[in-house]
Structure formats: structure tokens, C-alpha cells
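Asker: All chains, full assembly: derive it from the sequences and hints.
Protein chains: 4
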Amino acid sequence: MSTFGQHFKVTTYGESHCRSVGCIVDGCPPGMELTEDDIQPQMTRRRPGQSNITTPRNEKDRVMIQSGTEFGVTLGTPIGMLVLNEDQRPKDYGNQTMDRFPRPSHADWTYLEKYGVKASSGGGRSSARETIGRVAAGAIAEKYLRLAYGVEIVAFVSSVGNVHLFPPTAEHPSPSTNPAFLSLVNTIDRKTVDSFLPARCPDEQTSKRMVDLISDFRDRNDSIGGTVTCVIRNVPSGLGEPCFDKLEAMLAHAMLSIPATKGFEVGSGFGGCEIPGSVHNDPFVSAANVEVPSGVAESGAARAGHPRPRLTTKTNYSGGIQGGISNGAPIYFRVGFKPAATIGQEQTTATYDGSEEGILAAKGRHDPSVVPRAVPIVEAMAALVIMDAVLAQQARHTAKSLLPPLKQTVNTGKPPVGNGVTEGSGN
Amino acid sequence: MSTFGQHFKVTTYGESHCRSVGCIVDGCPPGMELTEDDIQPQMTRRRPGQSNITTPRNEKDRVMIQSGTEFGVTLGTPIGMLVLNEDQRPKDYGNQTMDRFPRPSHADWTYLEKYGVKASSGGGRSSARETIGRVAAGAIAEKYLRLAYGVEIVAFVSSVGNVHLFPPTAEHPSPSTNPAFLSLVNTIDRKTVDSFLPARCPDEQTSKRMVDLISDFRDRNDSIGGTVTCVIRNVPSGLGEPCFDKLEAMLAHAMLSIPATKGFEVGSGFGGCEIPGSVHNDPFVSAANVEVPSGVAESGAARAGHPRPRLTTKTNYSGGIQGGISNGAPIYFRVGFKPAATIGQEQTTATYDGSEEGILAAKGRHDPSVVPRAVPIVEAMAALVIMDAVLAQQARHTAKSLLPPLKQTVNTGKPPVGNGVTEGSGN
Amino acid sequence: MSTFGQHFKVTTYGESHCRSVGCIVDGCPPGMELTEDDIQPQMTRRRPGQSNITTPRNEKDRVMIQSGTEFGVTLGTPIGMLVLNEDQRPKDYGNQTMDRFPRPSHADWTYLEKYGVKASSGGGRSSARETIGRVAAGAIAEKYLRLAYGVEIVAFVSSVGNVHLFPPTAEHPSPSTNPAFLSLVNTIDRKTVDSFLPARCPDEQTSKRMVDLISDFRDRNDSIGGTVTCVIRNVPSGLGEPCFDKLEAMLAHAMLSIPATKGFEVGSGFGGCEIPGSVHNDPFVSAANVEVPSGVAESGAARAGHPRPRLTTKTNYSGGIQGGISNGAPIYFRVGFKPAATIGQEQTTATYDGSEEGILAAKGRHDPSVVPRAVPIVEAMAALVIMDAVLAQQARHTAKSLLPPLKQTVNTGKPPVGNGVTEGSGN
Amino acid sequence: MSTFGQHFKVTTYGESHCRSVGCIVDGCPPGMELTEDDIQPQMTRRRPGQSNITTPRNEKDRVMIQSGTEFGVTLGTPIGMLVLNEDQRPKDYGNQTMDRFPRPSHADWTYLEKYGVKASSGGGRSSARETIGRVAAGAIAEKYLRLAYGVEIVAFVSSVGNVHLFPPTAEHPSPSTNPAFLSLVNTIDRKTVDSFLPARCPDEQTSKRMVDLISDFRDRNDSIGGTVTCVIRNVPSGLGEPCFDKLEAMLAHAMLSIPATKGFEVGSGFGGCEIPGSVHNDPFVSAANVEVPSGVAESGAARAGHPRPRLTTKTNYSGGIQGGISNGAPIYFRVGFKPAATIGQEQTTATYDGSEEGILAAKGRHDPSVVPRAVPIVEAMAALVIMDAVLAQQARHTAKSLLPPLKQTVNTGKPPVGNGVTEGSGN
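Residue numbers (the numbering used here), protein chains in the order written: chain A, 73 to 499; chain B, 73 to 499; chain C, 73 to 499; chain D, 73 to 499.
Misleading hints may appear alongside valid ones.
[Unchecked claim] Take a look, some chain B residues computed to stay more than 10 Å from chain A by CB distance: (1) T259; (2) K280; (3) V338.
[As the list claims (entries may be wrong)] Computed from the model, here is a short list of chain C residues facing chain A with C-beta under 8 Å: (4) S74; (5) T75; (6) E87; (7) R91; (8) S92; (9) P102; (10) Q138; (11) G144; (12) G148.
[To be verified] Taking lysine-lysine pairs in the DSSO-like style, the calculated list, with each CA pair at most 27 Å apart, reads: (13) A/K215 - D/K215; (14) B/K215 - C/K472; (15) A/K472 - D/K215; (16) C/K472 - B/K472; (17) B/K215 - B/K132; (18) D/K472 - A/K472.
The hints are simulated quantities; they were obtained by calculation from the structure and are not laboratory data.
Just so it is clear, CB atoms sit at the ideal spot from N, CA and C, and this is done for glycine as well.
Answerer: Here it is in C-alpha cells:
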């Protein structure tokens with residue numbers, strides 16, 4: 073369906089050629105300051121037309137909050153949001169090539185198979201405009217996570233075609249072991265990422281090579297894919313629901329729901345499958361000496377006296393998730409995007425009914441690579457996953473906190489005095 | 073939560089040391105012949121102790137249907153199933169190493185952070201026994217899919233450590249372009265896979281190298297990960313729900329919910345991100361001459377006269393899914409498993425409260441590689457995803473079929489005669 | 073949450089003083105003709121200001137479809153709809169009585185207890201404008217149900233205060249046994265109901281007494297409640313999900329979610345609790361001679377050759393539902409509405425913080441009885457429940473239809489030939 | 073489906089003649105002491121055979137916890153529970169009357185219409201044994217609610233046939249205004265109710281008349297319905313989710329999902345529809361002088377320093393719920409049960425296929441009135457509703473508590489100093 077999340081529920085609507093696209097966010101905590109100004113920046117980052125390597129169409133994409141706030145404060149009731157479509161007229165059917173021939177690797181044909189009705193835009197909701205609602209909702213989630221926990225979510229382009237920021241090497245089959253990678257995910261921020269527009273790859277040389285590669289593909293009326301890496305820092309421990317809704321499962325679900333994605337890997341990822349367990353296991357160490365980041369120290373959780381986790385890990389092959397549950401270390405993952413299906417070149421295809429083969433040439437200029445624009449979408453979906461997991465865990469922790477203390481407890485650091493339970497930091 | 077699926081809902085329960093593990097399957101179609109004999113084979117394939125490279129514990133894992141069938145026929149009501157735990161006594165807490173020290177990269181610590189209560193087994197539901205309910209439910213889904221559509225689901229081990237069945241090459245960055253791979257996924261069956269026990273890699277030479285590698289790791293009290301590739305053939309077109317529940321998103325969710333998984337890629341996957349769009353796009357061709365597999369020809373859908381898709385694709389970089397919706401071509405994907413966290417070697421870790429560092433040595437013999445045993449679990453989760461999507465699509469198609477025909481339709485193969493809709497094959 | 077339904081999902085948003093109120097309908101079958109003209113009539117029937125006994129505020133309430141249709145045909149994608157609020161400015165807080173004193177029996181105080189944030193309108197989403205989204209969504213469901221099955225949903229006012237259309241008598245403790253009642257529910261239509269505006273009670277004399285009673289309460293600046301009876305005819309058999317989502321449970325849920333409701337009874341209702349089982353049981357009789365209503369005969373189900381139920385019941389104490397599942401007989405139920413909390417009289421109350429008691433006098437003219445305006449809301453919620461149940465049952469029936477026929481069947485009309493199953497009409 | 077609840081999710085399985093009936097409770101807070109002894113008492117109260125006016129079958133109904141606890145403490149993981157069926161053999165089909173003739177007003181026929189498969193017990197999950205899972209789950213919810221908030225849930229029989237504990241009078245059209253009723257609901261406990269076994273009506277004279285009436289019906293091989301009234305005391309304020317999941321809507325849903333129910337009314341109920349608004353509105357008064365019940369004073373919420381509501385109401389026509397949200401006053405409601413469909417008398421009915429009319433005589437002794445046994449089922453379903461609402465509200469409140477305080481607030485008891493928000497007690 074068109075709903076994501078159990079506690080922070082986002083329901084979206086809208087195609088390319090209807091009046092508006094938008095969403096309803098149900099479950100936003102009440103009492104948070106929120107205006108369009110909190111949402112618009114990510115909307116704008118998502119927007120095409122930001123450079124000469126993205127498509128020159130200039131969509132305005134002004135978000136308008138319809139409900140759920142008053143005087144700039146959330147009421148706790150559903151937040152309706154919408155963005156007007158500028159080109160609202162569905163295209164009339166005619167004897168046009170695109171009406172008769174489904175575009176290769178687009179959703180034209182599968183949408184028709186699914187619904188039995190052909191939208192004028194071909195692929196109906198597979199339009200990139202569908203992601204507008206996600207980004208709007210994600211911006212709200214992000215604001216809460218930052219205020220309550222100091223959570224930081226930053227994505228960047230880690231490869232375009234075969235140009236990689238951290239190419240796999242014999243020494244580092246996965247970037248998880250690469251100190252340069254670990255240093256980057258610990259420090260990267262959005263401002264830095266955007267300073268590398270249009271490629272959004274935070275390395276001058278690699279970025280330049282990516283831009284060259286994309287330009288090259290543009291000139292050939294071709295397209296090329298790539299990958300986006302995302303890090304989520306200052307995540308509270310204890311997030312993720314066993315067994316089907318493990319945190320990495322929700323992240324994978326969220327990321328593979330973004331149009332054009334083909335793969336997801338978390339922590340050491342596919343490279344980690346080649347590393348011995350004796351190396352890959354992350355040893356626990358005391359967190360006593362870990363410096364608390366300023367965003368965390370100023371967060372609501374700190375104000376409320378939430379205890380900090382007593383342990384951390386020396387390495388982070390796990391990518392911040394163990395047994396499906398966050399351990400407080402940075403969560404990082406990588407998402408693969410295929411080359412955009414829309415290309416200016418002529419392509420062979422067949423009519424919808426299979427009676428005739430033919431040639432399809434897409435008109436106009438198209439994004440040779442969607443990867444840089446995917447950055448805020450990846451961030452938004454990550455925020456939605458973490459937000460939902462945070463609310464679930466807050467609920468569990470609060471529910472437990474009202475129970476009488478158990479009679480017998482185990483001090484796990486010292487010899488236990490009886491049967492029973494061990495107290496976690498219980499974030 | 074512990075529920076998977078919207079229409080074919082599976083809810084599981086159970087830890088390592090409780091009375092039983094099991095599940096409730098809600099939404100199984102009524103009138104299907106079903107007994108324990110349909111379920112047990114996959115349970116047995118999942119079971120440890122199948123060879124000298126898996127753990128020698130011999131769990132019996134006999135599934136017992138509790139409800140939802142009579143005289144071997146499903147009633148349409150919830151199917152309760154359970155498997156008794158042989159070792160039902162939770163371990164008493166004592167001054168033991170494992171009570172004081174969380175095992176590195178296990179769920180011991182994160183479960184405590186999440187629940188604030190320590191299960192005697194450490195990681196609670198992160199136990200491999202949790203997957204029993206999944207496999208039981210998956211076997212039911214599979215039977216339906218086979219009877220109704222001739223669906224075939226086969227998984228196999230595609231790599232262990234750095235031993236790959238289809239190592240990426242310059243020519244084939246993704247196996248999607250490799251004719252040997254495509255031929256294999258078009259024909260492989262479970263019997264063949266199991267003939268390569270214990271490695272379950274359907275290639276004699278590669279299999280042998282994998283067994284050697286695993287033995288090597290066993291001898292060193294170490295562990296090693298790997299990947300499982302799965303193909304789903306004869307999937308009806310039209311499956312997958314825009315926009316958040318795209319078919320690949322549901323598959324990714326399902327696969328990353330399996331313990332120890334680190335990555336998922338569908339179709340061309342991460343390799344596909346490096347292939348030009350002009351190559352990667354799958355041209356449509358008429359399906360008129362495609363031979364109908366015997367399983368499909370004998371399926372309920374064929375008996376009911378469901379139309380076959382009129383188109384297919386010349387290549388299959390998409391992995392059978394376009395715009396989040398199945399196009400009828402084989403769906404294939406790959407899942408990455410990390411090395412098992414439990415190893416016989418000594419490891420440094422810290423006490424739960426961080427007060428002390430120490431050494432943990434796991435006792436007993438452990439699976440040096442979980443990958444071969446993961447094969448039936450991957451198949452089960454794939455079946456659950458497809459089953460859920462099938463029921464959703466059947467519902468949509470039936471709902472539409474009761475509406476009056478639209479006045480104006482577009483014949484998409486010929487010049488259209490007016491505005492309106494185009495008819496898909498509407499599976 | 074603000075979502076209703078599992079298959080035909082309606083999510084609403086909006087308060088009194090925000091930009092718009094609206095909803096997203098997810099799961100509408102594709103290929104149905106649909107424009108605003110199908111929806112507006114019920115919106116208008118819901119609107120206040122239809123007579124001198126309803127409030128004179130004249131809200132326009134024009135519904136605007138945002139998405140999900142093209143050229144007047146549903147695409148199967150989410151249908152966004154909205155209605156602009158004319159008075160969009162939240163009321164600034166000042167030293168006003170209503171800011172300090174919660175109105176008795178309103179939601180002012182409980183909303184503050186729930187959200188910890190006070191909306192300017194007091195009760196936030198408890199506003200009657202919240203029902204706009206329900207009515208819009210209900211109109212879509214109704215259209216489908218009529219086209220696919222010939223379903224007819226008609227509600228009318230059955231009592232205002234102590235003026236009852238069918239007052240309980242010793243002979244008829246429940247109207248279920250009253251031939252006049254049964255005849256009415258079998259034949260009543262909306263046009264007839266609206267011919268009795270403003271009371272919407274389809275009996276001239278009773279209607280007049282109701283209008284007099286309401287006028288009397290208006291003159292005294294007081295309010296009065298009443299009941300709405302609703303009948304759903306031509307419902308297919310087999311709707312309703314055991315065990316928690318029985319059809320009457322879903323109807324009760326839906327009706328009690330309408331603002332100001334206090335009670336629900338189905339079929340013989342509370343009166344039926346006093347009738348002996350030997351009388352109350354509804355004997356089955358052959359449906360062979362039952363005339364098929366024209367709406368049913370022309371429905372999609374008839375075109376598709378759905379079998380008609382072979383049985384019907386001689387009496388209908390059950391109200392069309394047995395064991396939580398529809399049996400094809402008319403479903404009828406009654407909903408109780410309390411007197412509106414807003415009255416022109418002065419009332420004692422206390423400040424939010426309990427520090428002071430005081431007097432609150434609501435300004436302006438108010439609806440002395442909300443009951444007549446509730447009629448289209450009851451119909452809408454009934455449509456949503458039936459629509460959701462229809463889609464669930466279509467899915468089940470279709471799923472079953474693709475299974476191989478069972479080897480042994482029982483002909484339940486004749487001596488059985490073996491173990492197994494009996495075939496229902498399987499709608 | 074067979075799942076109830078969003079946060080405290082109960083999924084049940086089981087028919088009359090399968091191996092066991094049971095449920096999985098997902099979402100129980102971790103760290104609560106829980107053994108079978110907490111659950112069995114309500115199981116036993118539900119059991120038939122408790123007196124000479126209930127059926128003499130003696131089911132044992134011993135509940136067995138399968139998972140989710142260790143050493144008598146909940147782990148936070150799913151709690152599997154089951155009760156063995158003593159008569160596990162499905163009845164073989166033969167040329168028996170009950171195989172050919174559906175029983176009037178049973179679920180035999182509608183189940184067949186729904187599933188197309190006939191269970192040997194006729195009505196499949198409409199069996200009273202299906203309620204076992206509800207009662208087991210309800211007992212867990214109740215324990216939590218008592219420990220965390222001091223919640224008390226007590227139901228009793230308020231009428232059998234036309235014998236009413238509080239018959240409606242001209243003075244008291246609804247018992248809401250009757251001081252005797254209000255005093256009863258404020259004080260009644262389960263021990264007192266059970267001291268009036270077998271009728272469970274807490275009034276000596278009325279109870280005796282009920283027993284006589286039921287005996288009379290038993291002697292005539294007939295059955296009679298009645299009503300159960302339930303009160304929930306010490307409910308925190310703020311429970312219930314606008315707009316579709318109002319607290320009364322969830323209660324109505326829960327109650328109408330119990331087999332044989334025909335009606336639900338909350339607070340003043342249907343009688344309240346006849347009371348003027350000026351009387352029916354509940355004036356707010358300061359709660360400063362309200363004595364805190366001992367159960368509340370000793371609850372986890374009190375220990376955690378949750379503020380008590382600052383207001384209460386002078387009257388309680390609302391039945392503790394306003395705008396769909398609890399206000400802290402006792403919640404009371406009434407549920408109507410029809411006469412049991414199974415009676416010893418001969419009844420006319422028709423064969424499943426309508427080809428023949430015939431006579432059906434149920435064998436054996438049957439419950440002439442299910443109403444007294446329904447008492448623990450009503451309590452269980454009430455507990456599930458409140459539990460789910462509590463967890464939702466705890467989550468919201470906790471989420472809000474981590475946000476920075478708003479800059480401007482309104483002191484609603486005193487002249488406000490600016491725009492913004494008013495603080496509720498925020499339970």
C-alpha cells in the first residue's frame with residue numbers, strides 16, 4: 073500500500089499529472105515547533121534542476137502544510153501536506169509512439185499488468201514526483217530525532233558507474249575496515265556534501281571524475297547508475313523489532329522502495345561475507361570514556377536523564393546493528409541505483425499487445441544519473457525508519473518503567489546474587 | 073513486531089529454551105490439501121546436523137499442526153503450528169562467563185538494551201530456532217503458489233568466503249549478463265541443490281572448494297560467511313504494491329530479517345549500477361512464442377483461463393521486477409550472510425556494565441558457516457513475500473472484474489480509438 | 073489512528089481552522105468511472121444549513137479530487153481528496169472564557185489531556201468537519217458496491233428524544249418483529265428520506281413531531297439526541313472476518329467512531345435479548361423463489377455469474393449477520409446519538425487547572441439536534457465497512473478458486489458420499 | 073483477521089475439534105512477573121460447568137505458556153499460550169441430520185458461504201472455545217494495567233430476559249442517573265459478583281429471579297439472552313485515538329466481536345439519547361479533593377510521579393469518555409447477548425442446498441443462557457482495549473516529553489501570557 077510505518081505513519085498520494093502530490097503524517101509527537109521552513113530545504117535538495125548535470129526542468133515544489141499544526145506547533149493530529157503539480161493535464165491518448173509501446177525497463181507495462189488501466193504518464197505512481205511526500209515526511213521525522221536524541225543523518229554519493237569513492241581492495245573488501253571511510257562517516261555533514269554539487273560526493277577528485285563520467289553519458293544520450301552511502305549517527309541503542317522488523321530489515325525495505333534501487337548492504341555488507349568471524353566480530357569495550365557529541369548532550373533524552381549505553385564496540389563491522397537492534401554505534405549502509413531507464417537513444421521494444429516490434433526514442437533532456445538527487449530521498453527514508461523504531465522503543469521502555477522492580481536481579485558486571493534479570497541502559 | 077505479511081499473515085513465537093516455538097498462519101486460502109507432510113521436508117532441510125560441516129546437534133523439529141485443517145484440508149481459519157523445544161529449561165544464572173560478558177557481535181547486549189531483561193540464552197529471539205516458524209509458514213505458501221500458478225522457488229549457495237560460483241568479472245560485473253548464470257537460474261531445482269550437500273552450491277568444483285574452505289575455518293575454530301542466490305520462476309505479472317511495498321522492497325525486508333544477513337541485491341544488483349542504461353534496459357518482445365512451463369500449464373490459473381502476459385523481455389537485468397511490480401520473468405536475488413558470531417576462539421569483550429574487560433571462549437562445536445542451512449529459510453521468506461503479493465493482486469483484479477466495462481478503451485497495439493484505458497493481461 | 077480499513081484504507085486529516093480537511097483513499101479498484109459528481113451529493117447532504125432546524129452556517133464543502141483518477145476513471149492508485157476550510161485562521165489565544173474553561177462534555181479537556189497541546193478550536197479533530205473525509209471516501213465505496221453487487225445503503229432518523237418511529241412495545245420489544253419496520257427497511261430509499269427534511273424520518277406524523285420537538289429544544293437553547301437506523305440491502309453472503317473482525321464488530325467500531333454516538337445495536341438488538349431462542353432463531357428456507365432485485369440482476373457479480381445464495385431465512389432477527397458473517401439478508405442496525413454538547417444555555421464548569429469554577433455561555437446558534445445530519449455519515453461508514461469486507465472476501469474466494477478441486481466432497485443436500493467439504497455459493 | 077490490537081497484539085487460533093486452541097500475545101511489556109497462575113483464574117471463570125444452570129460438560133482448560141517468559145518474568149518477546157482440546161477428533165461426515173441441515177441462527181451456513189469448506193463442527197471458529205485465547209490474553213493485559221495504573225475491570229450480569237437489575241424507568245431512562253447504579257459501578261468487585269453464582273448478578277433478589285427464569289428456559293429446552301454491564305475504574309485520562317479509534321469505538325468493536333452479541337452502549341447509552349443536553353452535559357469540577365484509590369496510589373504511575381488529572385466531572389453521563397478520549401472517570405458500558413442459538417427443541421430448517429426442508433433437534437444439554445459465562449470474556453476484551461490504548465498514549469506522552477519546552481505557553485487557569493499551548497496532565 074501507500075503507507076509506511078507503524079507509529080509514525082506516512083501515507084502518500086499523487087501521480088505526475090494530477091492536481092497535487094502529497095501525504096498525511098499520522099503519529100507526529102505533539103508540541104514540536106514545525107513550519108514549512110523545516111521541510112522545504114530537503115524538498116529543494118530533492119528537486120531537479122540544481123546543476124547542469126541534472127535535468128533542466130524547474131519544478132517549484134513548495135510544500136504547504138494543510139493541518140496538524142497551529143501557531144507553528146504540532147498538535148499531535150495528522151499533518152496533511154501537499155505540493156501542487158504544475159503540469160496537471162493528463163496527456164490525452166493519441167496515436168503516439170509512447171501510447172503504443174511500453175518503454176523498456178520502465179513501469180509502463182507492469183503498471184498496466186497490475187491495474188489493467190493505463191495512466192497517461194505510463195508508470196503512474198512510479199514517477200519521481202511520488203518521492204515528494206516521502207521527503208516532506210522525512211524532514212519532520214528528522215527534526216524530531218535531532219531534538220530528542222541529537223540524531224544526524226547524512227547521505228552522499230559513493231559511486232557513479234565504476235568511479236568509486238572507496239573502491240573495494242584486497243585489503244578492504246568492505247569499506248568497514250578502511251580508516252578513511254570510518255573517519256568520513258563519523259564526521260560528514262550535509263553542508264559538506266552539498267559543497268560537492270552536482271555530484272554530492274565528498275571528495276574533490278572523485279567528485280570531479282564522477283561529473284566527467286555523467287557528462288560523458290549525457291553527451292551520449294545514455295544513463296549511468298551508482299551508489300549512495302548513508303550514515304545515521306547518535307542513534308539510541310535498543311531500536312529495531314525482532315524478528316521480522318529488525319532495524320536493517322526496515323532500512324532495506326525503505327531503501328528498496330525508492331525508485332530505481334537494486335541493492336542494499338549494511339555495515340560490512342557483501343564484502344563482510346568474505347571476512348573471517350574472528351576478525352568480523354566487534355569486541356565490546358567500556359563506553360565510559362566516549363565523548364558525548366554536543367547534539368546528544370543538548371538533546372531531550374539527555375535533559376530527561378536517559379542513561380548512556382555503558383558499552384561500545386572497538387570496531388564497527390556490524391554497522392551499528394546487532395541481532396536486528398541498534399547498539400548505539402553509527403549505522404551506515406549503501407544503496408545501489410540502476411541507470412535511469414529514460415534515455416535519449418533509440419531503443420527497440422514491442423507494442424503492449426505484442427503484435428509489433430518498434431523503435432522508441434524518448435524526447436527531451438533527461439537526468440543521465442539520478443544518484444545525486446537520490447541523496448535527500450535516502451536520508452528521508454532513513455529518518456522514517458529510525459523515527460518509527462524510536463517511537464516503538466520509547467513505548468516499550470515507558471511501559472516497562474511503570475512495573476514494580478523485580479525482586480531478584482543480576483548484576484552482570486559482578487557475580488550475580490540470584491536468578492532474574494539484568495538491567496540494560498534501557499533507552 | 074513478530075508478524076509478517078498483510079494478507080497471508082505469519083505470527084511467530086519462541087526462544088531457545090521455552091516449551092515450543094511456532095507460529096500462526098492467518099489468511100491461508102480454504103480448500104487446500106495440507107498435512108504435516110507438506111511442511112516437514114523444509115523443516116528438515118533447515119535443521120542442523122545434516123553433514124559433517126554443520127553442527128552435530130540433532131534437533132528433531134517435528135512440526136505439529138494445531139488448527140485450521142480437517143481431514144487434511146485447510147478450513148481458511150488460522151493454522152497454528154508448533155515444534156517442541158527439546159531443551160526447555162532456561163539456564164539458571166550463575167557466576168558464569170557468559171552471564172557477565174556479552175558475546176561480541178551477538179544480540180546479547182542489544183537485547184538487554186532493548187528489553188531491559190536478560191534472557192538466559194542471551195539473545196532471546198535472535199536464536200536460529202526462531203526461523204522454524206518462518207520455514208513452516210513458507211512451506212504452506214509455497215504449496216499454494218505451486219498449485220495456483222506453478223511457481224517454483226529455488227535457492228542455492230552462490231559464495232562462501234571468497235569462493236564464488238559466479239565471481240564478478242570485467243565482462244560480467246553482475247551475473248545478470250552471464251549466460252551460465254541465466255541458464256542455471258532458469259533450470260535449477262532443489263533436488264539438484266541438495267545433491268551438492270553439504271555446500272548446496274550446484275557446481276561440483278566450486279562446491280568442493282567451499283567445503284574445503286569451511287572445513288578449514290572449522291579447524292581454526294573460526295567462521296566464514298557467504299551468499300545465497302534465489303530464483304522465483306513462473307511468478308504472475310502484476311505483483312508488488314506501489315510505492316512503499318514494491319516487490320523488491322518486500323523481498324529485501326524479508327531477507328534482511330533473516331538472522332546474520334548483511335546485504336540484498338536484486339536483478340543486476342550492485343554490479344548493475346556500473347552498466348550503461350542503453351545496455352541495462354530490457355527490451356520488450358512478444359511472448360507469443362514463449363513455451364508455457366508444464367507447472368504453469370497445469371496450474372489453477374491456467375485452468376481458470378487467466379491470460380498469459382503478452383510481452384516478455386529479451387534480457388533480464390531487471391530481475392523480473394520493473395517499477396516495483398513483477399513482469400513475469402524470473403525473479404532472482406542474492407542475500408549476503410556474515411560469518412557466524414559464535415566461534416570457538418577466545419575473544420576479548422567487556423562485562424555488561426563496562427566495568428571489566430575479559431576473555432570469552434565459546435564452548436562446544438559450532439557451525440563454521442550458516443550459509444548452506446540458510447537456503448530453505450531464504451526460500452521460505454521468498455514464498456511469504458510472493459504469497460502476500462499474490463493475494464493482494466488477486467483481490468485487486470477480482471474487484472476490477474466486477475465493474476462495468478469502460479466505454480472507451482485504447483487498443484495499445486493499434487491506433488487508439490479514444491480516451492480511456494488499456495487492458496493488461498490482468499493476472 | 074486516523075486510518076480506517078484494511079483493504080479499502082481511508083486516512084483522514086484536518087481540524088476546524090486549518091487550510092483544508094481531506095483524506096487519502098488507498099485500495100480503490102482500478103477502472104471505475106469516478107468524478108467529483110459521484111461524491112458531492114453526500115457531501116452536500118452532510119453539510120449544515122439545510123433547513124431552519126439545522127445551523128445556519130453555510131459551508132460550501134466542494135470536494136476536489138487530487139489524484140488517483142484520469143479522464144474520470146480510477147487508476148487504482150491512492151485517491152487524494154480535499155475540501156478547503158473557509159475559516160482558516162486559528163483563533164488567537166486571549167483572556168477569553170473558552171480559553172480558560174473547557175466546555176462540559178466537549179473534547180476540550182480530554183484533547184488537552186491526550187496531547188498536552190491545546191488547539192484553538194478546543195477539541196482539535198473532534199470537530200464535525202472531521203467527518204468530511206469519511207463521507208467523501210464512503211461515496212466512493214458506495215459507488216463500487218452498487219456497481220459490483222447492487223448494494224443499497226439507506227439511513228433514516230428513527231427517534232429524536234422520546235419521539236420514536238417504532239417505539240418498543242410489549243409485542244415488539246425489538247422492531248425486528250414489527251412488519252411495518254421490516255417493510256420499511258426493505259423498501260426505503262434516500263429520496264424518500266430526504267423528502268422528510270429536515271427530520272429525515274420517513275413518516276409524516278412522526279417527522280412532524282420530531283421537528284416540533286427539535287424546535288422546542290432550539291427555543292430553549294437546549295439540545296436533544298436521537299437514533300439513526302440504517303439498512304444495507306443486497307449484501308453478498310460471506311462478508312465478515314472471524315473472530316475479532318466480525319461484520320457487526322466492524323459496524324459497531326465504525327458507528328461508535330462517529331462523534332456523539334453512545335450506542336449500537338444490530339438486528340434484534342437489546343430488545344432481542346428478551347426474546348426466547350425458540351422464537352429468535354431464524355429458520356432457513358430455500359431461496360429458489362426469492363426474486364432477484366433489479367440492482368442485483370444488473371450488477372457486476374451477476375454479469376460474472378456469481379451464484380446466488382441457495383438459502384435465506386424466514387425471519388431476520390439476526391439482522392443479516394450470523395456468526396459474524398453476512399447471510400445475504402438485509403443488514404439493519406441502529407445508532408444512538410447523545411444531545412449535542414454545545415448549547416446556548418449557561419453552564420457551570422471549571423478552569424483547566426481546576427483553580428476556579430465559572431460559567432460558560434456558548435455564543436451563536438447551534439444545532440439543537442445533530443441526528444438528521446448524521447444520516448449520510450452513518451451511510452458512509454457503513455459503506456466503508458462493507459467495502460472492506462467485500463474486498464477481503466473477494467480475495468479469499470479468488471484464492472480458493474485457483475486450487476485443484478478436492479477429491480471428496482459432501483453434497484450437503486443429499487446423503488454424503490465421503491469425507492471432505494461442502495461447497496458454499498462462495499460469493 | 074484473527075488479530076486484535078495495534079500495540080498489544082493478540083492473535084488467536086483454534087476450532088472445537090483441533091489439537092489445541094491458543095494465542096500469541098505480542099507487545100507485552102518486559103519485566104513483569106507472569107506465570108500461568110495469573111491467567112488460570114479467568115480461564116476457569118470462563119469455563120462451562122460451574123453450576124447447575126450452565127452446561128455440565130467439564131472442560132479442563134489448563135493454560136500453558138509456551139514462550140516469552142523465563143523464571144516467571146516476561147521477556148518482552150511474544151507470549152505463546154495454548155489449551156489442549158480434549159475432543160480432538162473432527163467428526164466424520166456421515167448421513168447425519170447436522171451434516172445436511174444448517175442449524176438456524178448458527179454460523180454453520182455463513183461459514184460455508186464464506187470459506188466454501190465445511191468444518192465438522194459446523195461453525196468453525198464461531199465456537200465458544202475460540203474465546204479461550206481472548207481470556208488468556210486479557211488476563212495478561214489486566215495484570216499490567218493493575219500494576220501500572222491500579223485499573224480495575226469488573227463485569228456483571230445486568231439482565232436476563234426481561235429481568236433487569238436496573239430496569240429503565242421514566243425517572244431513569246438510562247441507569248446513568250440512578251444513584252444505586254452509580255454506587256454499584258464505583259464499588260463492585262469480582263468476588264462479590266462471583267458470590268452471586270450462577271447468575272453473576274450482584275443483587276440477591278434479582279439474581280434469584282434470573283436463576284428461576286433461566287431454569288424455566290432450561291426446562292423448556294429453550295434459551296434466553298441478557299446483558300452484561302462492565303465498569304473500568306482508575307483509567308488514566310487521555311486514552312483513545314481520534315478519529316476512527318475512539319475509545320468507545322474500540323470497546324464496541326471488542327464487545328461485538330464476542331459471539332452472540334447484539335448491542336453495545338456506553339455511558340448514558342440509548343437512554344441518554346432522550347435526555348436534554350442541558351442535563352446530559354457533565355460539569356467539570358476540580359479534582360483536588362478527590363481521594364486517590366489505594367490501587368492507584370500504589371501503582372507504577374504514582375511511583376513514577378505521573379500527575380493526577382486536575383479536573384473531574386460532577387455527573388458521568390459520558391461514561392468516562394469524551395470526544396473519544398478517557399477523562400479519568402469510570403468507564404461503564406453494557407453489552408447485549410442474544411439467546412443461544414442451540415436449543416433442545418425441534419426446529420425447522422432447510423438443507424444446505426435448499427432442496428429440502430426438515431426438522432433439526434439438537435442433542436444433549438445446552439446452556440440455556442450464555443450471559444453469566446460471558447462476564448470474564450467481556451472483562452478480557454475490555455482489558456485488551458484499555459491496554460492497547462495505554463501503550464499508544466504512553467508512547468505519545470514519552471515522545472512529547474523529549475521535545476524542548478515551548479517558548480510560549482498559556483496558563484489556562486489564569487489570564488494567558490501569549491500564544492501557544494496549554495499543558496495537560498499528560499498521562
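Asker: Honestly, which of those hints from before does the structure not fit?
Answerer: 3, 11, 13
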